[in-house]
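One letter stands for each residue in the lines below.
Number of protein chains: 4
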Amino acid sequence: MVPPTPPRSCLKQAVYGLPELYRSQVASTQLVANPGCYPTGAILALAPAVRAGLIEPDIVIDSKSGLSGAGRSLSRQAHFSEANEDVAAYALEGHRHLPEIVQEINLLSPQKSLSITFVPHLIPMTRGILTTCYATLTAGKKGKKELSRIYGDFYKDEPFVRVVESPPHTKHTWGNNMCLIYPTVDTRTGRLVVISAIDNLVKGAAGQAVQNMNLMLGMPETMGLEALAIYP
Amino acid sequence: MVPPTPPRSCLKQAVYGLPELYRSQVASTQLVANPGCYPTGAILALAPAVRAGLIEPDIVIDSKSGLSGAGRSLSRQAHFSEANEDVAAYALEGHRHLPEIVQEINLLSPQKSLSITFVPHLIPMTRGILTTCYATLTAGKKGKKELSRIYGDFYKDEPFVRVVESPPHTKHTWGNNMCLIYPTVDTRTGRLVVISAIDNLVKGAAGQAVQNMNLMLGMPETMGLEALAIYP
Amino acid sequence: MVPPTPPRSCLKQAVYGLPELYRSQVASTQLVANPGCYPTGAILALAPAVRAGLIEPDIVIDSKSGLSGAGRSLSRQAHFSEANEDVAAYALEGHRHLPEIVQEINLLSPQKSLSITFVPHLIPMTRGILTTCYATLTAGKKGKKELSRIYGDFYKDEPFVRVVESPPHTKHTWGNNMCLIYPTVDTRTGRLVVISAIDNLVKGAAGQAVQNMNLMLGMPETMGLEALAIYP
Amino acid sequence: MVPPTPPRSCLKQAVYGLPELYRSQVASTQLVANPGCYPTGAILALAPAVRAGLIEPDIVIDSKSGLSGAGRSLSRQAHFSEANEDVAAYALEGHRHLPEIVQEINLLSPQKSLSITFVPHLIPMTRGILTTCYATLTAGKKGKKELSRIYGDFYKDEPFVRVVESPPHTKHTWGNNMCLIYPTVDTRTGRLVVISAIDNLVKGAAGQAVQNMNLMLGMPETMGLEALAIYP
Chain A
26 MVPPTPPRSC
36 LKQAVYGLPE
46 LYRSQVASTQ
56 LVANPGCYPT
66 GAILALAPAV
76 RAGLIEPDIV
86 IDSKSGLSGA
96 GRSLSRQAHF
106 SEANEDVAAY
116 ALEGHRHLPE
126 IVQEINLLSP
136 QKSLSITFVP
146 HLIPMTRGIL
156 TTCYATLTAG
166 KKGKKELSRI
176 YGDFYKDEPF
186 VRVVESPPHT
196 KHTWGNNMCL
206 IYPTVDTRTG
216 RLVVISAIDN
226 LVKGAAGQAV
236 QNMNLMLGMP
246 ETMGLEALAI
256 YP
Chain B
26 MVPPTPPRSC
36 LKQAVYGLPE
46 LYRSQVASTQ
56 LVANPGCYPT
66 GAILALAPAV
76 RAGLIEPDIV
86 IDSKSGLSGA
96 GRSLSRQAHF
106 SEANEDVAAY
116 ALEGHRHLPE
126 IVQEINLLSP
136 QKSLSITFVP
146 HLIPMTRGIL
156 TTCYATLTAG
166 KKGKKELSRI
176 YGDFYKDEPF
186 VRVVESPPHT
196 KHTWGNNMCL
206 IYPTVDTRTG
216 RLVVISAIDN
226 LVKGAAGQAV
236 QNMNLMLGMP
246 ETMGLEALAI
256 YP
Chain C
26 MVPPTPPRSC
36 LKQAVYGLPE
46 LYRSQVASTQ
56 LVANPGCYPT
66 GAILALAPAV
76 RAGLIEPDIV
86 IDSKSGLSGA
96 GRSLSRQAHF
106 SEANEDVAAY
116 ALEGHRHLPE
126 IVQEINLLSP
136 QKSLSITFVP
146 HLIPMTRGIL
156 TTCYATLTAG
166 KKGKKELSRI
176 YGDFYKDEPF
186 VRVVESPPHT
196 KHTWGNNMCL
206 IYPTVDTRTG
216 RLVVISAIDN
226 LVKGAAGQAV
236 QNMNLMLGMP
246 ETMGLEALAI
256 YP
Chain D
26 MVPPTPPRSC
36 LKQAVYGLPE
46 LYRSQVASTQ
56 LVANPGCYPT
66 GAILALAPAV
76 RAGLIEPDIV
86 IDSKSGLSGA
96 GRSLSRQAHF
106 SEANEDVAAY
116 ALEGHRHLPE
126 IVQEINLLSP
136 QKSLSITFVP
146 HLIPMTRGIL
156 TTCYATLTAG
166 KKGKKELSRI
176 YGDFYKDEPF
186 VRVVESPPHT
196 KHTWGNNMCL
206 IYPTVDTRTG
216 RLVVISAIDN
226 LVKGAAGQAV
236 QNMNLMLGMP
246 ETMGLEALAI
256 YP
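Residue numbers (the numbering used here), protein chains in the order written: chain A, 26 to 257; chain B, 26 to 257; chain C, 26 to 257; chain D, 26 to 257.
So that you can see chain A by itself, here it is in the shape it has in the complex (with noise of 0.2 Å):
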């Protein structure tokens, strides 16, 4: 089921395939890196406030996903009755994503080095994978209207995000390619809580690779990908 790895000659044509940032290289290339699922959440929900500068360089990534994030393999954590009414961290050493996302982001902030954490959770639950950001702003830019402003702008043309104005559920994600964020400072200690909601199999996987391939074949960007969420 895993495909062939293309050769390491490859690797510098290869495009990182998250639309939202590299639309126009993943029109024009012949090969895409189909982005994790954690990456996914993480890098959505930061891309604008990195860009822009609101932030300080520390940032934590708390993440919470359904099992089906764990593969379809038979383990003992994925065993129903291990899952069922627990929660646990994982990963704590460096998960295989953290690569990813610690290049990625970077790339948004080239003047600074970001010192990054990320802990995933795996909850009992098949679909979906909460991200909660947590970041310190930098001074001055503190305010949530023009912080939903700012995230509104960044993605007011992306058909598979949307900023919402209160905290996304990932069962309004169920079975769909949406990316859902929700940006908001702590007021009391000047810091910004950012929050997205994905389905893993689809924008944390599948439903992006189609999207890349849309793209790739000149084909409307959405086609396949109108599925609503299933609710509930």
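Simulated from the structure, these hints should not be mistaken for lab results. Remember, it's a predicted structure, so these values are computed and weren't measured experimentally. Just so you know, not all the hints are guaranteed correct.
Because identical chains cannot be distinguished in the list, a pair is counted as satisfied if it fits within a single copy or across any two copies.
[Said to hold, decoys possible] List time: in silico SDA-like cross-link candidates among lysine to any residue, alpha-carbon distance up to 20 Å:
| # | residue 1 | residue 2 |
| --- | --- | --- |
| 1 | 170 | 191 |
| 2 | 170 | 230 |
| 3 | 137 | 161 |
| 4 | 169 | 115 |
| 5 | 169 | 58 |
| 6 | 170 | 115 |
| 7 | 37 | 58 |
| 8 | 169 | 120 |
| 9 | 170 | 33 |
| 10 | 37 | 81 |
| 11 | 170 | 209 |
| 12 | 169 | 119 |
| 13 | 37 | 241 |
| 14 | 169 | 140 |
| 15 | 169 | 201 |
| 16 | 137 | 53 |
Keeping the supplied structure of chain A fixed, place chains B, C and D upon it in accordance with the hints.
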């Protein structure tokens, strides 16, 4: 079911009923304020690091709670079809447990004014709170082993706190009065990460109340609280 | 949200909206009574056997439903902490869907007065109804293959019923309008066992209403209903 | 982990370890065959009715089990993403517990040759088995109250069986050694319906083994088994 609120004049006599911090005071008072579920997990996770001066004042507390933490009253968010297969953050403007968390962690660190952000999340399970805490380590204090030793010493005589060697699962506290704590270091960034797991209805509520009652009455502290966690 | 009840005088014009049994009548009426979720699963499971005179009049129908079948209104039984990790039967004195089930199955078997017991159960999931039906086979008609053939013939032109070769999972209908039916024989006892799986909110409710609307308006019957089940 | 199988020659000495039926034999043997989880729920539900000759020989047993009943070994069906939001029947060709159920229920009814169909289902929870049993009442014995009295008398001295007045929930036995039994009549059809609830890992497995051990060693039968159910 809610007990009568004691008159305001009693406030000064009240002791905060976290035995790990106030055992002797609990034992000699007539009025105990039993801690909330989120504060129990957060304070026990951070106390050793804060008291030892290991961390900078910026602290992020990210908690994941089962639905029983939201109480027994009926609400849309607690309807099975809404809560199942879903995760979301809530109370971003300040959860009612926030002042309790801020007060107690600041008391452990008199010289510093801490900047604490606390974000609770509801996840689809009945019991359990996992709390992941993040803070930057002060210079020169970074060893994982040293951390483990400091935490181990802090809790070495505690019947209901265990410092563990791998990320704890809430399932490992299901139905009992234990708090499991895992302190570690994100060595890439020099950041302390501490994770605690409790059953919010036992150590986070009624179990801790019994523990306090035992202390107040001069009974063995563990009386009635020896149950093992139920697994799986 | 509940539509107005048509006047009693309209009752005679109403057609029972199970297209597999009343397609032409639905297509030519102005008023359709859309079936309940339990009746849909039960009637489709039993119709071929009853109409072919394969079974004795004693029928047991044991259904297992997710919580969305209990509606969106708030109740103790639908509270996550009550419904999670629990299963129970309910409405043993007669569920409101019982008369509908009894009426329609008897209509398929005019010569016999059937004796039908129906017991619904709530299980901890959001969507799906699995219905297990039991009845003694009349003498001389016992082959598993013959059964499969009779069921296959009965539903051979149906777009939303599939006779399957192994016990169906409700997950295989998650979010779509299919009814999966597995007829088999307990050869030790000569008893027919038929199991059906539907998504109670689609084929068991709104999906079937759309199917009926399509028929009434002369549209293609499957219009708007081509979604695949979402898996996992 | 699996204990060695005793030699075949020991079979004749072995006692079937359902204390409610074989208490004195268990107390005086050296070898007990601890009942399976499904048989425990099914036999306890049916024993009073069968022994009192209340029902015709056609019996249907429909069981719903949590995933821990399928054991700890890894399998696709026990993967969280497969089992969550799903229900299905299995082992329709004859579950390995079927002979045990048939043998023991027939022993309670020496004069009749019973015709028993047993269909187990997996539902998305960790612990618990709910068993719904159906049989036609023999003429003249139909009162709900009389039924309740007969069941109450049968189990009146049993520490771990409770005859209850409404459909039992498996949650009410979560983590303890109780079997709750609800006998009722479908008065429309004169059919007996009996529902039992157990925790498959306690009364359905290790708890019952301890109960048998207590009897064999002459200890109080309830020793080590007094735990209340954990709720919610």
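Going through the hints against the structure:
no. : hint        : in the structure
1   : 170 <-> 191 : within (13 Å within a copy, 41 Å between copies)
2   : 170 <-> 230 : neither (32 Å within a copy, 38 Å between copies)
3   : 137 <-> 161 : both (14 Å within a copy, 18 Å between copies)
4   : 169 <-> 115 : between (32 Å within a copy, 16 Å between copies)
5   : 169 <-> 58  : neither (34 Å within a copy, 35 Å between copies)
6   : 170 <-> 115 : between (35 Å within a copy, 19 Å between copies)
7   : 37 <-> 58   : within (11 Å within a copy, 62 Å between copies)
8   : 169 <-> 120 : between (32 Å within a copy, 18 Å between copies)
9   : 170 <-> 33  : neither (46 Å within a copy, 39 Å between copies)
10  : 37 <-> 81   : neither (31 Å within a copy, 41 Å between copies)
11  : 170 <-> 209 : within (9 Å within a copy, 37 Å between copies)
12  : 169 <-> 119 : between (32 Å within a copy, 15 Å between copies)
13  : 37 <-> 241  : within (17 Å within a copy, 58 Å between copies)
14  : 169 <-> 140 : between (24 Å within a copy, 19 Å between copies)
15  : 169 <-> 201 : neither (28 Å within a copy, 40 Å between copies)
16  : 137 <-> 53  : neither (30 Å within a copy, 54 Å between copies)
In the structure shown, a violation is registered for the earlier hints numbered 2, 5, 9, 10, 15 and 16, in ascending order.
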